[in-house]
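Novice: Given next are the chains, with one letter for each unit.
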Amino acid sequence: MAISITALANPTRFLGLVDKAVPWLAGLTALTLLGGLALMVQSPPDYQQGETVRIMYIHVPAAWLSMFTYALMTASALGTLVWRHPLADVSAKAAAPIGAAFTFLALVTGSLWGKPMWGTWWVWDARLTSVLVLFIMYLGLIALWRTIEDPTRAARPAAVLILVGSVNLPIIKFSVDWWNTLHQPASVFRMDGPTIDGSMLTPLLVMAIGFTLMMVTLHLLAMRNEVLRRRVRALGLITAGGAR
Amino acid sequence: MLTDLLGPHAGFIVASYAITIAVVAGLIAWVVVDHGAQKRRLADLEARGVRRRSAARPVDRESAA
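If you read the protein sequences in the order shown, they are chains A and B.
1 is the number of the first residue of the first sequence in the working numbering; add one for each residue after it.
1 is the number of the first residue of the second sequence in the working numbering; add one for each residue after it.
Be a bit skeptical, because a hint or two may be false.
[To be verified] Under 10 Å between C-beta atoms, here's a sample of chain B residues computed to sit facing chain A:
#, residue
1, M1
2, G7
3, S16
4, G26
5, I28
6, V32
7, D44
8, L45
9, V50
Hints were generated in silico from the structure; no laboratory data involved.
By construction, the Cβ of each residue, glycine as well, lies at the ideal position given by its N, Cα and C atoms.
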């Protein structure tokens, strides 16, 4: 494992790996999402929510990925600060817009699910508010990277800010247990097992795997772009230095 | 007709899926367009003779030989 991480420290080798892996990952993503959608169409309506439960199959994976992506950025921030891995900051920077997009989807689809089921688009309960804070964290980090032009100078403050923001992850996860929220408690990852019927749990898990594969594929592609952007910047600096 | 299929809240369900498709399409477009832009900039710089040190090494060896 240590050897493979060391090998990946070479951006050129990493780009070669991305070129090989992405077609397979993209194909697997498409197949998994198509399978998940087919299972979703066949799944029964909920006895209370009726057909509106179908929003769950995109809302829940988007919400999971909003947190998974930030957890990935936290691991990358540790890679930047502790191991100074050359691709760790690239990974964190490339993941931020993807995480922001999934958090936006979780908030919007949650709102579209909440209006017919709760009778309101939004409440300032602990779960919804902590996810909104996560979205603002993503936007703040994107703004930080855009403000500091030199990516090597931006890496450390961004990594520190990511680690500070990671405190929000357990707050999001346990907000429904710690506080009285309109949002329902966990129904899949529970100590006593999922409370969702298998006919709905299976399509939900397949959609979640499909969304995760999509996130990994997009993340690798965004990392490839970031490596190229840094090469362009380095060459631009050489040109500017030669022109002086 | 849509309400026959998806119930009284069909609009909320359709809007959720439509927004998800739009955001995912936006993410895909972002990585594809950005890749094209970076490749073009890199090719432009290399066409002007600007090379990375690591990329220039094999050429240097050839010219030295």
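Novice: So which hints don't hold here, by number, going up?
Specialist: Hint 1 alone not satisfied by this model.
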